[in-house]
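K.L.:
Residues per chain, in single letters:
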Amino acid sequence: MNRVWSQRTAFALLGLSALAVFAALAVVLGFVTVRGAPAISWEFLSAFPRRGMTEGGIFPALLGTFYLVLGTVIVSLPLGVGAAIYLAEYAEQRSWIRVVRIGVNNLAAVPSIVFGLFGLAFFVKALGLGVSILSGALTLGLMVMPLLIRSTEEALNAVPKEFREGALALGATRWQAVRSVVLPVAVPGILTGAILAVGRAAGETAPIMFTAAAFYTPRLPRSPLDEVMALPYHLYVMATESTAFWRTRHLQFGTALVLLGLVLILYLWAAVWRARIRRRKRW
Amino acid sequence: MRSEVRSRIGEHTVRWIMGACAGVSLLALGLIVLFLFREGMPVFRTVSLGGFLGGRFWFPTSEPPSLGILPMILGSGLVTGFALLVAVPLGIGTALFVGEVAPASARNPLKVAVEMLAGVPSVVYGFFGLMIVVPWLQATLNLPTGQTALTASLLLGIMAVPTVASIAEDAVAAVPDTWREASLALGATRWQTLRSVVVPAARSGLLAGTLLGMGRAVGETMTVLMVSGNSPTLPPVLGWPVRTLTATIALEMAETPVGSPHYHALFAVGGVLFLFTLTLNVVGELVGNRIRRLA
Amino acid sequence: MVSQFQPAGPAMEMGTAFSVQHLSFFYGQERVLTDVSLDIPQRRITSIVGPSGCGKSTFLRVLNRLYEVVPSARAVGQVWFEGRDILARGTDVVDLRRRVGMVFQKPNPFPKSVYENVAYAPRIHGVRKRRVLYDIVARALGQAALWEEVHTRLGKSAFDLSGGQQQRLCIARALAMEPKVILMDEPTSALDPTATAKIEDLITVLKDTYTVVIVTHNMQQAARVSDLAAVFLTGGEMVEYDETNRIFENPNDKRVEDYVTGKFG
Chain A
1 MNRVWSQRTA FALLGLSALA VFAALAVVLG FVTVRGAPAI SWEFLSAFPR
51 RGMTEGGIFP ALLGTFYLVL GTVIVSLPLG VGAAIYLAEY AEQRSWIRVV
101 RIGVNNLAAV PSIVFGLFGL AFFVKALGLG VSILSGALTL GLMVMPLLIR
151 STEEALNAVP KEFREGALAL GATRWQAVRS VVLPVAVPGI LTGAILAVGR
201 AAGETAPIMF TAAAFYTPRL PRSPLDEVMA LPYHLYVMAT ESTAFWRTRH
251 LQFGTALVLL GLVLILYLWA AVWRARIRRR KRW
Chain B
1 MRSEVRSRIG EHTVRWIMGA CAGVSLLALG LIVLFLFREG MPVFRTVSLG
51 GFLGGRFWFP TSEPPSLGIL PMILGSGLVT GFALLVAVPL GIGTALFVGE
101 VAPASARNPL KVAVEMLAGV PSVVYGFFGL MIVVPWLQAT LNLPTGQTAL
151 TASLLLGIMA VPTVASIAED AVAAVPDTWR EASLALGATR WQTLRSVVVP
201 AARSGLLAGT LLGMGRAVGE TMTVLMVSGN SPTLPPVLGW PVRTLTATIA
251 LEMAETPVGS PHYHALFAVG GVLFLFTLTL NVVGELVGNR IRRLA
Chain C
1 MVSQFQPAGP AMEMGTAFSV QHLSFFYGQE RVLTDVSLDI PQRRITSIVG
51 PSGCGKSTFL RVLNRLYEVV PSARAVGQVW FEGRDILARG TDVVDLRRRV
101 GMVFQKPNPF PKSVYENVAY APRIHGVRKR RVLYDIVARA LGQAALWEEV
151 HTRLGKSAFD LSGGQQQRLC IARALAMEPK VILMDEPTSA LDPTATAKIE
201 DLITVLKDTY TVVIVTHNMQ QAARVSDLAA VFLTGGEMVE YDETNRIFEN
251 PNDKRVEDYV TGKFG
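Chains as they are written, first to last, in our numbering: chain A, 1 to 283; chain B, 1 to 295; chain C, 1 to 265.
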């Protein structure tokens, strides 16, 4: 009897911790949604901030985040996928592979604010790109690259080796086998990883603080070398530094809701997609 | 003939390009080290290494500046330590529940929830903390301000749960089913099996998860910046505002003249952070690899 | 198309597809084949039989150098094919594999349509014209005795076919590149008896045109389809190689007798 009760207690405690995680998510989501929803309107999404950012919308920040994320994908997707193909498909030089893998793992562990510092010193100053979309996208791109490499590698490793061997046995070169058989099978998995990377890049503040983000821009960016407003940074300055920040709480909640919504929709999309890949698998 | 030669050359080019892509991560890591070093080292013309790491005062703009980061090191340590008190039990508990206890149908939704928790941007956590947790703690504990080390710890703790949970879950999943079956076949309950077979077998993975969770908490910037109050007190106290290493950089970098001792000091702070998370990661990997070899 | 593997060397006896000399094989430190020597004749069916773990699949993978996908794998010795030692440095493995097709243990069609599976090899080897491709595909499917069953659904996924059909599709896929040799690695082990019979019929027809090397652990199958049989035993040793009938009726080696009569294996 005692054994049964100790199991019940233990499992209840474990369940409670899982519940706490669920609850935390629900509370954050709930508060932000309930308090942010009233601020959301077409004008909020499509207008510039007005009157020293105490009124109006978040359009420049929304667009800026879009540009930054787009740049991040352009920078990191080819590099990350290429690196993952190398790690997963060209495994002969194992000492080099091991070194690269250590590099990738450690890059993944670098704090985002350190990426920000590096972006400032390297892209903004040393390369002279200035505080710009380009600098921010490059910084974010390096930051999400380990994520992309890992997810792509996982997708490639999930492709049965029989496909590769079948292609090689037909006289395909390594690259032909990868391009024509392995990659097409792995593409959905790779895109799932890319979506998560986009979500991550869209929500980051610290790496773009010194490399891309502007407090306020009176006009939309015209080139990749312009600085931009970005949703996460906009939320930060609105909540802590802007004029009369205690009077613009509704705008801040609205911004938080938009940001949170964007990111979580991306994550949810990736999760659903992954489940579908698993279900549709026929081999 | 010609087309064959061309395709063979193509093969080499492709291999080379892919290898170069893989090299970019290493290059990036190397450049990060190089630039943190290059921009951080000059601070030691103003202050000694001991005076930097052990200095009690941070007055970067006074003349001459005091560049001691001990309050921030201890602040980061305090916040991270208490964050782990939240993250480790919740993370490991969640991992065990998801991997071992929950019915199969509940597993995926739970995993997705953990992933979503990881997806919430840190600035949103910070904002949520500022709007909800700060006033709530201030009122509940009757504190002079709600922006305290405790507030930051609570939020960081929740934020680090996914890191701990996902690695712990992998570790638990790597324990062979035959071991569980052997234990159950000997008449052990599922809980006894979990406690005496699964957890011990997965313990290095659980430790690795803890270390990486710690790295996550130490490196987190926006949340602590927004809820910790940012005052470099010594010694830092749980119910009082603190300043962390990350928040210092975020707060001050924008207003610092390039090339000043203050500027270099902030890069040196970045260097300290980098070295610390690097160490945690290397140790975590070494510990984590043990379970992988075993499985 | 100029191939590296035109018949050239004087050492090559007429009618021999592969001349294997003192072949040993290692995975890391582990020895899988021990000093194997044999000549595999052209346009005959040679079966490689033996208990599991005797290195027979590895032997097959030496003949098209597919063993290279395992980084620690190493082959020592010589394997002469069309006048060249394919284990020598500088061997063009892509060209080798074009001439030596392979069918695997489990049917492994690509996740593409029936048509695209068969068109795969000619495509990557440079055939672009649609008409030519179609003819190649139709002929290969015909040779693999699959045309009748699939010609109305060439655009359907290969996974819609039954297991036996998938395996014949894989045979057609190899035939489409017009190889000289077809290697088969236990091609029926994943199939039911009816599908197996169809494949076996197909194999015996193929030998008019192709050299076939088939690995099997099924003694009856070796007896049914092969002209010659090589018996490998644990440790990767080849203990007997002769006309299949002779081996089954009157094995020289006691261990082979035990094996073919089913005393172990």
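Just so you know, these hints were derived from the structure itself, not from any lab.
Accuracy of the hints is not assured; some may be wrong.
Here are some of the chain B residues that sit facing chain A, going by a computed Cβ distance under 8 Å [to be verified]: (1) Val14; (2) Ala28; (3) Leu36; (4) Phe37; (5) Met41; (6) Thr61; (7) Pro64; (8) Ala104; (9) Ser105; (10) Arg107; (11) Val112; (12) Val120; (13) Ser122; (14) Phe274.
Quick list of in silico lysine-lysine cross-link-like pairs, DSS-like style, CA-CA up to 30 Å [unchecked claim]: (15) Lys161(A) / Lys254(C); (16) Lys161(A) / Lys156(C); (17) Lys180(C) / Lys254(C); (18) Lys254(C) / Lys281(A).
Computed from a prediction, not measured in an experiment: that's the story for all the values here.
Heads up, the beta-carbon is just placed ideally off N, CA and C, and yes, glycines get one too.
K.L.:
Which constraints among the numbered hints does this structure fail? Numbers only, ascending.
P.N.:
Of the numbered hints, 4, 5, 6, 7, 8, 9, 10, 15, 17 and 18 do not hold.
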